[in-house]
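Taken in order, these protein sequences are the chains called A and B. Under my numbering, residue 490 is the last one in the first sequence; the count climbs by one each step, no gaps. Under my numbering, residue 490 is the last one in the second sequence; the count climbs by one each step, no gaps.
Just so you know, the hints here were simulated from the structure itself, not pulled from any lab data. Since the structure is predicted, the reported quantities are computational estimates derived from the model, not experimental observations. Take these hints with a grain of salt, some might be off.
It does not matter which identical chain is meant; a pair holds if it fits inside one copy or across any two.
Stated by the list, open to error - Cross-link-like lysine-lysine pairs, in silico, BS3-like; alpha carbons within 30 angstroms at most:
id, residue 1, residue 2
1, Lys-422, Lys-353
2, Lys-422, Lys-264
3, Lys-405, Lys-422
4, Lys-353, Lys-264
5, Lys-261, Lys-405
6, Lys-338, Lys-353
7, Lys-353, Lys-405
8, Lys-261, Lys-422
9, Lys-338, Lys-264
10, Lys-353, Lys-261
11, Lys-261, Lys-338
12, Lys-422, Lys-338
13, Lys-405, Lys-264
14, Lys-405, Lys-338
Number of protein chains: 2
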Amino acid sequence: MATGRTHRPATRSRGIPEATVARLPLYLRALTALSERSVPTVSSEELAAAAGVNSAKLRKDFSYLGSYGTRGVGYDVEYLVYQISRELGLTQDWPVVIVGIGNLGAALANYGGFSARGFRVAALIDADPAMAGKPVAGMPVQHTDDLEKIISENGVSIGVIATPAGAAQQVSERLIAAGVTSILNFAPTVLSVPDGVDVRKVDLSIELQILAFHEQRKAGEEAAAAGSADADADGAPDAGAGASDGAGAGTGAAPAAALMPPAGRAAAAAARKGGPDGDVPAVMPA
Amino acid sequence: MATGRTHRPATRSRGIPEATVARLPLYLRALTALSERSVPTVSSEELAAAAGVNSAKLRKDFSYLGSYGTRGVGYDVEYLVYQISRELGLTQDWPVVIVGIGNLGAALANYGGFSARGFRVAALIDADPAMAGKPVAGMPVQHTDDLEKIISENGVSIGVIATPAGAAQQVSERLIAAGVTSILNFAPTVLSVPDGVDVRKVDLSIELQILAFHEQRKAGEEAAAAGSADADADGAPDAGAGASDGAGAGTGAAPAAALMPPAGRAAAAAARKGGPDGDVPAVMPA
DNA sequence: TTGTGTGAAACGATTCACAGCT
DNA sequence: AGCTGTGAATCGTTTCACACAA
Numbered sequence: 205m206a207t208g209r210t211h212r213p214a215t216r217s218r219g220i221p222e223a224t225v226a227r228l229p230l231y232l233r234a235l236t237a238l239s240e241r242s243v244p245t246v247s248s249e250e251l252a253a254a255a256g257v258n259s260a261k262l263r264k265d266f267s268y269l270g271s272y273g274t275r276g277v278g279y280d281v282e283y284l285v286y287q288i289s290r291e292l293g294l295t296q297d298w299p300v301v302i303v304g305i306g307n308l309g310a311a312l313a314n315y316g317g318f319s320a321r322g323f324r325v326a327a328l329i330d331a332d333p334a335m336a337g338k339p340v341a342g343m344p345v346q347h348t349d350d351l352e353k354i355i356s357e358n359g360v361s362i363g364v365i366a367t368p369a370g371a372a373q374q375v376s377e378r379l380i381a382a383g384v385t386s387i388l389n390f391a392p393t394v395l396s397v398p399d400g401v402d403v404r405k406v407d408l409s410i411e412l413q414i415l416a417f418h419e420q421r422k423a424g425e426e427a428a429a430a431g432s433a434d435a436d437a438d439g440a441p442d443a444g445a446g447a448s449d450g451a452g453a454g455t456g457a458a459p460a461a462a463l464m465p466p467a468g469r470a471a472a473a474a475a476r477k478g479g480p481d482g483d484v485p486a487v488m489p490a
Numbered sequence: 205m206a207t208g209r210t211h212r213p214a215t216r217s218r219g220i221p222e223a224t225v226a227r228l229p230l231y232l233r234a235l236t237a238l239s240e241r242s243v244p245t246v247s248s249e250e251l252a253a254a255a256g257v258n259s260a261k262l263r264k265d266f267s268y269l270g271s272y273g274t275r276g277v278g279y280d281v282e283y284l285v286y287q288i289s290r291e292l293g294l295t296q297d298w299p300v301v302i303v304g305i306g307n308l309g310a311a312l313a314n315y316g317g318f319s320a321r322g323f324r325v326a327a328l329i330d331a332d333p334a335m336a337g338k339p340v341a342g343m344p345v346q347h348t349d350d351l352e353k354i355i356s357e358n359g360v361s362i363g364v365i366a367t368p369a370g371a372a373q374q375v376s377e378r379l380i381a382a383g384v385t386s387i388l389n390f391a392p393t394v395l396s397v398p399d400g401v402d403v404r405k406v407d408l409s410i411e412l413q414i415l416a417f418h419e420q421r422k423a424g425e426e427a428a429a430a431g432s433a434d435a436d437a438d439g440a441p442d443a444g445a446g447a448s449d450g451a452g453a454g455t456g457a458a459p460a461a462a463l464m465p466p467a468g469r470a471a472a473a474a475a476r477k478g479g480p481d482g483d484v485p486a487v488m489p490a
């Protein structure tokens, strides 16, 4: 801390809040749709509805970009489309490479909306020699050996990793060494990268687990609601013994058994599926 | 809407913060890896590093689950794996349907890690009659007509939408009517769903746009650093000299020059690629 | 002595509510 | 009369820093 500015120096310096940046693409999509229907202006209320946020948030977001609206009227659709595109850097185009052409990589390569905006798939790269030369989405797959050359010749700064988890870290290192500074990672691993490199993660299994959590809670509440006064229906999360997992049990599992002294190794082991749980997904990570 | 308990009743009642929930799967993955290497205990410091977060955050997160650690020692790996799995609802299994078996849907169906945890693909559904019966990932694709039957017979509560954007809203409505209460949406649209239904979105194009934003900023900073005080170093084609936009522009006195009159239609039109920008991706949404 | 668990401070994002422009 | 733009209030998350248990 005391050491001057620590990692990620002044990156956040002049700035649009991260949460706002993450919503700009959403607004842009809604605006593009309006633009296609030749709608000339929108109110914050309408646009917010189309983007699935509330209008106060949208107005605040736009206020970070400048004053692009007209009081009493709304926003000029075309003008906003342009301003947001520019702010996001979509007025220039970004060559992108996809590394790992398995099921997912191929799906990504075929994704239309990819090239629709400023993005252009510059190359498809895979480690399997058998893939080399094979056309995927009308483009020949190239071998990993040429990764560095491809990156530099095409001026690629954004890489998409769709390899198995085990290969991801190494691939990211090669990409970065070759000049890539932004990575979209579909492999289920935490990538460690140097400062100045941005990584965004897309992880199917994490998303499902989050849904499962809420789903389970719904079931618990339902049961609690239906099942009258149960000891710890909504109990305090008190540090004490079992209370803290009321919702968990849901359908009939005995809550008592669930909690045990932090020494119950046996139960814990039993709980894990004995199956081929491998951390590395077959070929399609996400 | 405001009838009695407003939307999302007491869902958040006794609660683990959402941000914490979103990190539990990350911890779980790191712990599973340790477990496989038969590591008996970890400190918050080590585990945090493996999960890519800082240790204070991790300890705070775990504190919401209960006191599962041992002071002076650390956390018992197996025990924590079990507790987190249980908290996330992964000790039961969740039948899932995937709707839209295009490139992406097929990739998802083939995803190994899917079934690895509590999730099981109960059915693959597609609207194309030509797909019906065809095996994907060792499973016959079924026709949309049978969607309701499939959902109820299998007790499915989680649905994955991998259809083109145009079909997503309708598919979500049918899923929900049939009993699904959690949706993972890969189609690039905002789904509107009733209260009590959870939706999570995975959107490739949004992720790329966020990266592009940061990428552009990096380029700008670099140029600014290298090339003295150049007005529009960041290649903004527009007159928007908005370089220093002072966070908040707080002190009134808007840098008027930065913004041209909200009437510049021409520029806006020019900015949009004339190409086939269609909002609906070919077959693979994400 | 070590490393967890947690109040309290700091920070960031969202929402409120209204002044001010059109 | 209407709708944006934005200070101020609120809420949620992260970080700090240290008491306390092993």
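Hint by hint, here is what the structure shows:
no.	hint	verdict
1	Lys-422 / Lys-353	between (52 angstroms within a copy, 23 angstroms between copies)
2	Lys-422 / Lys-264	between (33 angstroms within a copy, 24 angstroms between copies)
3	Lys-405 / Lys-422	both (27 angstroms within a copy, 20 angstroms between copies)
4	Lys-353 / Lys-264	neither (44 angstroms within a copy, 45 angstroms between copies)
5	Lys-261 / Lys-405	both (25 angstroms within a copy, 19 angstroms between copies)
6	Lys-338 / Lys-353	within (19 angstroms within a copy, 41 angstroms between copies)
7	Lys-353 / Lys-405	within (25 angstroms within a copy, 35 angstroms between copies)
8	Lys-261 / Lys-422	both (28 angstroms within a copy, 26 angstroms between copies)
9	Lys-338 / Lys-264	neither (49 angstroms within a copy, 50 angstroms between copies)
10	Lys-353 / Lys-261	neither (44 angstroms within a copy, 40 angstroms between copies)
11	Lys-261 / Lys-338	neither (47 angstroms within a copy, 46 angstroms between copies)
12	Lys-422 / Lys-338	neither (48 angstroms within a copy, 35 angstroms between copies)
13	Lys-405 / Lys-264	both (27 angstroms within a copy, 23 angstroms between copies)
14	Lys-405 / Lys-338	within (28 angstroms within a copy, 32 angstroms between copies)
Hint check: violations occur at hints 4, 9, 10, 11, 12; the rest are consistent with the structure.
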